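A.B. asks: Residues per chain, in single letters:
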Amino acid sequence: MELYHNITINHYLVLAAVLFGMGALGILFRRNAIIMFMCIELMLNAVNISLVAFSKMWNHTDAQVFVFFIMVVAAAEVAVGLAILMMLYRNTHSTDTSVLNKLKF
Amino acid sequence: MLSEYAFWFLSFVAVFSAAGMIFSKNPVYSVLSLIITFFAVAGHYFLLGAQFLAAVHIIVYAGAIMVLFLYVIMMLNLNKLEEEKRSLWSKSLSVAAGGILMLVLLAAVQRTDELNSIAAGEFNAAMGQTKNLGNVLYREFLLPFELASVLFLGAMVGAVYLSKKELA
Numbered sequence: 001m002e003l004y005h006n007i008t009i010n011h012y013l014v015l016a017a018v019l020f021g022m023g024a025l026g027i028l029f030r031r032n033a034i035i036m037f038m039c040i041e042l043m044l045n046a047v048n049i050s051l052v053a054f055s056k057m058w059n060h061t062d063a064q065v066f067v068f069f070i071m072v073v074a075a076a077e078v079a080v081g082l083a084i085l086m087m088l089y090r091n092t093h094s095t096d097t098s099v100l101n102k103l104k105f
Numbered sequence: 001m002l003s004e005y006a007f008w009f010l011s012f013v014a015v016f017s018a019a020g021m022i023f024s025k026n027p028v029y030s031v032l033s034l035i036i037t038f039f040a041v042a043g044h045y046f047l048l049g050a051q052f053l054a055a056v057h058i059i060v061y062a063g064a065i066m067v068l069f070l071y072v073i074m075m076l077n078l079n080k081l082e083e084e085k086r087s088l089w090s091k092s093l094s095v096a097a098g099g100i101l102m103l104v105l106l107a108a109v110q111r112t113d114e115l116n117s118i119a120a121g122e123f124n125a126a127m128g129q130t131k132n133l134g135n136v137l138y139r140e141f142l143l144p145f146e147l148a149s150v151l152f153l154g155a156m157v158g159a160v161y162l163s164k165k166e167l168a
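Top line first, the protein sequences correspond to chains P and X. Mapping of the first sequence onto this note's numbering: residues 1 to 105, in sequence order. Mapping of the second sequence onto this note's numbering: residues 1 to 168, in sequence order.
For reference, chain P alone in the conformation it holds in the complex (with noise of 0.2 Å):
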C-alpha cells in the first residue's frame, strides 16, 4: 500500500535491508572496536526506520513505543560498550580488536 505519494511500504523495507547490511558489512569488514560499535548503531537504526514505516502503514502508534525503547537499550549498550572500550584501550593501548585473540582456538 501507499504510505504516501508513491512510496510503498516495500521501499522503506528495501532501505532498512540496505542500512542493516551495510551495519553487517562493516561489522566483518573493519576490526576498530568504535567503528564495530557505530555499525551497531546503524543496524538498530535500520530496524528503527522499518518499525516507523510499519507504524504508518497500520495507523498505530505501539511501533513508535518500540522505537522508544530500542533507543533506550541502544542508549544503554553505548554507555556500557564504550566503557568496556576505554578498559581495552587501557590494557592493549589499541582499539583494534584483531589484538584480542587470547580466546581464538
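For the record, the hints were derived by calculation from the structure and aren't laboratory data. From a predicted model like this one, the values you see are computed outputs, not experimental measurements. No residue lacks a Cβ here, since even glycine has one placed at the ideal position from N, Cα and C. There's no promise every hint is true.
[What the hints assert, rightly or not] Here are the computed distance ranges between Cβ atoms for each label pair:
no., chain 1, residue 1, chain 2, residue 2, range
1, X, Tyr161, P, His93, 19 to 27 Å
2, P, Tyr4, X, Lys131, 21 to 29 Å
3, X, Leu147, P, Ile84, 21 to 29 Å
4, P, Ser98, X, Leu32, 21 to 29 Å
5, P, His60, X, Leu93, 39 to 47 Å
[Stated by the list, open to error] Cross-link-like lysine-lysine pairs, in silico, DSSO-like; alpha carbons within 27 Å at most:
no., chain 1, residue 1, chain 2, residue 2
6, X, Lys91, P, Lys104
7, X, Lys91, X, Lys25
8, X, Lys25, X, Lys85
9, P, Lys102, X, Lys165
10, P, Lys104, X, Lys85
11, P, Lys102, X, Lys91
Let chain P serve as the given structure and place chain X on it in line with the hints.
C.D. replies: Coordinates of chain X only, in the frame set by chain P:
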C-alpha cells in the same frame, strides 16, 4: 510529489554516508558521516508522520550518543590514520559475507507483495504527536517504561564500575 523526492534524497544521503562511515580511515570522519546518516533517518521519521520521534532521535543520537563517541575518540587520541593489518583474502571474504546477507534480506523483502493489498487503517494525523505517544507510553507500556529506567540505572553503575582505574 515533494515527499517522493524527499524520500529518494534522504535515502541516498543515508546510504552513501553509511558507506562513508564504514570505509573512511579516520574515526572522526566515520562519526561525522554517521551523524549525517542519523539526520537523514530523522527526516524519514518526519516523512512518516512521527514528528516527536524525529526530534527525540536527533536529540538522543546526534546530541548524546555521537558526542559520546567523539569524546572517547578525542580522549584516546585516535584521530589519525590507522593501518589495519589484514589480508586481502580476509577483507574480500568479509565484504562477500556482508553482501550476501544484504542480498538475502532484499530477496526476503521482495516477497512481501501481499503487504500491498492491505487496506489502509483509519487515518490519524495526530498519531506521531507527543500527546498521543505519551498516552500510549504511560498507559499501555508503563511496566516496560519502568523496567527501562532500571536498565539505565544498571548501565550507569556498570559504566562507572568498568571505568574505574584500579580495575584491570
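A.B. asks: Decide, hint by hint, whether the structure agrees.
C.D. replies: Do the hints match the structure? See the list:
Between Tyr161 of chain X and His93 of chain P the C-beta distance comes to about 22 Å, which sits within the given range of 19 to 27 Å. At roughly 23 Å, the beta-carbon separation of Tyr4 of chain P and Lys131 of chain X lies within the given 21 to 29 Å, and the hint holds. In this structure the supplied range 21 to 29 Å holds for Leu147 of chain X paired with Ile84 of chain P, their Cβ-Cβ distance being about 23 Å. Here the CB-CB span from Ser98 of chain P to Leu32 of chain X is close to 25 Å, well matched to the stated 21 to 29 Å.
For His60 of chain P and Leu93 of chain X, the Cβ-Cβ distance of about 42 Å falls inside the hinted range of 39 to 47 Å, so the restraint holds. Using a Cα cut-off of 27 Å, the hinted pair Lys91 of chain X and Lys104 of chain P holds, with the two alpha carbons roughly 19 Å apart. For the given pair, Lys91 of chain X sits about 15 Å from Lys25 of chain X by alpha-carbon distance, which is consistent with the 27 Å threshold. As the CA atoms of Lys25 of chain X and Lys85 of chain X are separated by approximately 13 Å, the hinted pair is consistent with the 27 Å bound.
For the proposed pair Lys102 of chain P and Lys165 of chain X, the alpha carbon gap of about 23 Å is at most 27 Å, so the pair holds. Of the pairs offered as hints, the one joining Lys104 of chain P and Lys85 of chain X holds, with about 18 Å between alpha carbons and a cut-off of 27 Å not exceeded. Among the hinted pairs, Lys102 of chain P with Lys91 of chain X is consistent with the structure: their alpha-carbon atoms are about 21 Å apart, no more than 27 Å.
In this structure, none of the earlier numbered hints is contradicted; all agree with it.
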